[in-house]
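Asks: So the chains spell out like this:
Protein chains: 2
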Amino acid sequence: MSTRLSQLFVRTLRDDPVDAEVASHRLLVRAGYIRRQAPGVFAWLPLGLRVRRKIENIIREELEAFGAQEVHFPALLPREPYEQSGRWTKYGDGIFRLQDRKGADYLLAPTHEEVFTLLVKDLYSSYKDLPLSLYQIQDKYRDEARPRAGLLRGREFTMKDSYSFDYTDAGLDLSYQQHRDAYERIFTRLGLEYVIVKADSGLMGGARSEEFLHPTLVGEDTFVRSAGGYAANVEAFTTVAPDAVPFDGLPAAEVHDTPDTPTIDTLVAVANEVHTDRGYTAADTLKNVVLALTDPEGNRSLVVVGLPGDRGVDMKRAEVAFSPNEVEAANEGDFARNPGLVKGYIGPWSAAGAVLGEASSTKIRYVLDPRVSEGTVWITGANEQGKHVFGLVAGRDFVSDGIVEVAEVTVGDLAPDGSGPVELARGMEIGHVFQLGRFFAEALGLKVLDENGKLVTVTMGSYGIGVTRIMAVLAEANNDEKGLIWPDNVAPFDVHVIAAGKDEVVYEVAESLVAGLENAGQDVLFDDRPKVSPGVKFGDAELLGVPTIVIVGRSAVDGIVELWDRRTGEREQLSVADLITRVGSKA
Amino acid sequence: MSTRLSQLFVRTLRDDPVDAEVASHRLLVRAGYIRRQAPGVFAWLPLGLRVRRKIENIIREELEAFGAQEVHFPALLPREPYEQSGRWTKYGDGIFRLQDRKGADYLLAPTHEEVFTLLVKDLYSSYKDLPLSLYQIQDKYRDEARPRAGLLRGREFTMKDSYSFDYTDAGLDLSYQQHRDAYERIFTRLGLEYVIVKADSGLMGGARSEEFLHPTLVGEDTFVRSAGGYAANVEAFTTVAPDAVPFDGLPAAEVHDTPDTPTIDTLVAVANEVHTDRGYTAADTLKNVVLALTDPEGNRSLVVVGLPGDRGVDMKRAEVAFSPNEVEAANEGDFARNPGLVKGYIGPWSAAGAVLGEASSTKIRYVLDPRVSEGTVWITGANEQGKHVFGLVAGRDFVSDGIVEVAEVTVGDLAPDGSGPVELARGMEIGHVFQLGRFFAEALGLKVLDENGKLVTVTMGSYGIGVTRIMAVLAEANNDEKGLIWPDNVAPFDVHVIAAGKDEVVYEVAESLVAGLENAGQDVLFDDRPKVSPGVKFGDAELLGVPTIVIVGRSAVDGIVELWDRRTGEREQLSVADLITRVGSKA
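Line by line, the protein sequences are chains A and B.
At position 390 of the first sequence the residue is numbered 390 (my numbering), and the sequence of numbers has no breaks.
At position 468 of the second sequence the residue is numbered 468 (my numbering), and the sequence of numbers has no breaks.
Treat the hints with caution; some may be incorrect.
It does not matter which identical chain is meant; a pair holds if it fits inside one copy or across any two.
What the hints assert, rightly or not - With a straight-line cut-off of 30 Å between C-alpha atoms, the simulated DSBU-like cross-links for lysine-lysine are: (1) Lys387 x Lys363; (2) Lys90 x Lys102; (3) Lys447 x Lys121; (4) Lys54 x Lys121; (5) Lys537 x Lys128; (6) Lys363 x Lys90; (7) Lys54 x Lys586; (8) Lys531 x Lys128; (9) Lys316 x Lys102; (10) Lys537 x Lys121; (11) Lys121 x Lys531; (12) Lys121 x Lys482; (13) Lys482 x Lys54; (14) Lys90 x Lys128; (15) Lys454 x Lys537.
These are calculated hints, taken from the structure and not from any lab test.
Excised from the complex, chain A in its bound form (with noise of 0.2 Å):
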């Protein structure tokens, strides 16, 4: 098959759209692939699309290879389905709804979970029809405060989501893991790097959840990884407590007066005043952070949560620990509400012995980090104004309601694995692997046989990769200053042929030579422009990105064209038979 330029719909921009933040999006509306028609909500391009399909038929491919049947569900759904789930309520201002004429609500589905669930119960009712995957690929619609970055984070995007359905713990694992290796085979044939990390479960619920992320800069997320090859998302860190270590013969706490010292660093400070010889940092202080949690009822609480001085409190890490409540730093009013909660001068103990919040009206959950293990020995407040307490003992001296992670990870942390200190890194979610387990089957119901005639209740995964994410992500790890260069398996086209030049010859070689690939099978892009100039002809190929390109110029009237190597800049001169055996042999 061959296209002519001139006959292409498609335009070259020279400069970038204004509100273009990241080279792909740049690139992908300046080299005609993508327009915007409103706040991330884009129209595709005759170029665009078939980069697309091609992404999208690699991941058709490896999903069928294991068994995954695909279907294809509308994007307009009815409300009752995520009613019955409770997502209709969780989901809050990130879905689009609406309403028919007859005033009845619906919504553009973010994910499909509920009603994959009910079409497996509306025709699958035995053990015997298990495991079944299911997916589809289809457009997907989030109502984002934020899109951003082009395709990267958009309101409409096309995502391939898939769900497993199993009777038995092992079968969710094995259909978990089949969806997880066919993952791994997409993003090798894209040629993506990518890092799997353990990930939280988010709105999902469930067991294991593991997130594919692409290491790039301009990623949304911030993962965390050690040389040794353990890997999380910073929501889904552990972090590795220290052993519990014996306190006889530890002495006793004393409070001592520290006026002015509403601040760790303040304290720090004041607390190498007092014993000059034990060279204090943050570290050593037990910082006590209030935290005001929502409930989905709506219902707000405080909680006081217990941690290193040196550390803050990560709030990604935290509405994971507290879900499914929003999570948000106390503010004024709580504390006027709560005057045991001595700001700046909280702390787990009181030298009148009382315990923490004993003063509110209701009691507040005191919990800890992990790192405030028994035995360990802490400056932290007094619960009176101007007041800390030096040498308190967790276990000893105070206990806590639970232990949670919330503290921030930094670089040197040890991965709970024991494989090493992890550094942090940037990456962009372009795949996400969730064992659901028995939670939409349980809300609506889908049961099956088992062996022994017993009802049982299926329990199912969940597996997604954002197709035009990944044409955005494709283009972001694929460019230089000049423009896109895509990958072979990708790109829009096999070979870009140009004919630069006036002479009748020039054409006439291209003519054929186009003609030549693509009885080699090859598809081909013929820039066959009759009045535009070599040098536009080329900024226009480095720009478009067709990782093949070929030269038909002065030396076709010797049959010598060009070979060009978009990615290397290597140009080689071959003869037109050399250069379709070559070329050819590609296919």
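Could you slot chain B onto chain A? The hints should help.
Replies: Below, chain B without anything else, positioned relative to chain A:
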């Protein structure tokens, strides 16, 4: 390729779905091709998706054959372009509207004229860029008042919509013809009978417009056709008006007391008492019907239509004739406000020589059916209670404000092209080609520079095919009491192989047959279900509708299998090798 029925996500149903009114809906649900999600909204199962893809690919091939290029727009679009074209309001309740979290208005696009226009405006600026034909295959949304008949009229459905761009009228004619020809090829390849009818261009405005109707009893449209080749939808039918005849020497009109004759029937009876020798029929009376029009700004006005008494007003034709007004019968309030309109006795004339409607506060327009031509003589109302006028002559005693085509079309009416009397038939619209002209380009400012460097407004065409509706129409046209019978080129599989029996040899032969057919390029559905009886398997095969079935049964031990033509019911015994040759040669 092959697919094992034991693994395929499908479940056939014995019973018809309760909401299914038509065969296609009933069978597509029972055979496991689609499943209802909400009124007029369906999910596609693997079998349905396969058929749909084949239809889409036939459409793609025929459009690309003349150079149309595929793009893809979002379904979610901002209000502004539709506001500029006036369609945001015009669509009324017929579309889904929604707001994003910032309160900005969006719609789920029912068609995409506006944004295609803007896209071309964005990219192109010269006559050299034209002609251009772009298309997309995309999910569309319409908030139908009465979604019905499964896929025949859904609220979410898939359409191929194309748009052509030219800068001369001749260019538009050519683009229109290219689409029209492609549509003929598409429907021919799909084996779908079609009639091309002249159409009203509805909301769109514009010049030439034709519909492709598939004649079917479940069709929603009535169309007329003559044996001589004329075809039009009822809205587009034009009446053959009698020539004007001289009225010199005709007697003067005379008013008669005709109490208690408020209807045409009673009037005809009384008229035949007044003149016992004339043999009057309803066709001799002039009926005057009062209609209320509401313009796009919401202003209501009345119009009186005069037409032969043997015809009623066809409200669909009236909608077109009075477009863009909405039309309904005048109500009691309208009559009360206009005492000059004497119900049952309305005429274009009164004994006092009063002009129709003169007694009312506003002048009311009076329009005529084309049959009321100059010199025709009528019995009609005298605008006085209980009085009619006889011998009233059109052109002598009354005139009109215009001619309108609103009368019912009936069997035997003459086709306007002289091809004889028409019959009426039911059809389903499967395609539509429109000359939009410059309406959208004007509204949205799409101009290009012509050969003389002058800015000219682009002229456009719009062309639609209902992909999912075509699937339903195909199912409607290809079934029997046992199930579906797909045409070869859209069947979900090429061959359906049934292992009929429990003997090991049956499965051995079936497996080798499937492998052989795969090698011969066939896409095989293999009913390998071990515990299902041959009878059930045969019934499922008939229901699923793959046109070529192979039964591997008792004779398998002798290497003999049975080829079963689903359409004719013929069965033939063949050796495995002969069967592979026979069936494989179809590829």
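Asks: Taking the hints in turn, state whether each one holds.
Replies: Here's how the hints hold up against the structure:
no.: 1; hint: Lys387 x Lys363; verdict: within (22 Å within a copy, 93 Å between copies)
no.: 2; hint: Lys90 x Lys102; verdict: both (25 Å within a copy, 19 Å between copies)
no.: 3; hint: Lys447 x Lys121; verdict: within (7 Å within a copy, 55 Å between copies)
no.: 4; hint: Lys54 x Lys121; verdict: between (33 Å within a copy, 28 Å between copies)
no.: 5; hint: Lys537 x Lys128; verdict: between (60 Å within a copy, 18 Å between copies)
no.: 6; hint: Lys363 x Lys90; verdict: within (27 Å within a copy, 60 Å between copies)
no.: 7; hint: Lys54 x Lys586; verdict: both (17 Å within a copy, 29 Å between copies)
no.: 8; hint: Lys531 x Lys128; verdict: between (66 Å within a copy, 12 Å between copies)
no.: 9; hint: Lys316 x Lys102; verdict: between (40 Å within a copy, 24 Å between copies)
no.: 10; hint: Lys537 x Lys121; verdict: between (57 Å within a copy, 23 Å between copies)
no.: 11; hint: Lys121 x Lys531; verdict: between (62 Å within a copy, 22 Å between copies)
no.: 12; hint: Lys121 x Lys482; verdict: between (53 Å within a copy, 26 Å between copies)
no.: 13; hint: Lys482 x Lys54; verdict: within (23 Å within a copy, 40 Å between copies)
no.: 14; hint: Lys90 x Lys128; verdict: neither (34 Å within a copy, 53 Å between copies)
no.: 15; hint: Lys454 x Lys537; verdict: between (69 Å within a copy, 28 Å between copies)
In the structure shown, a violation is registered for the earlier hint numbered 14 alone.
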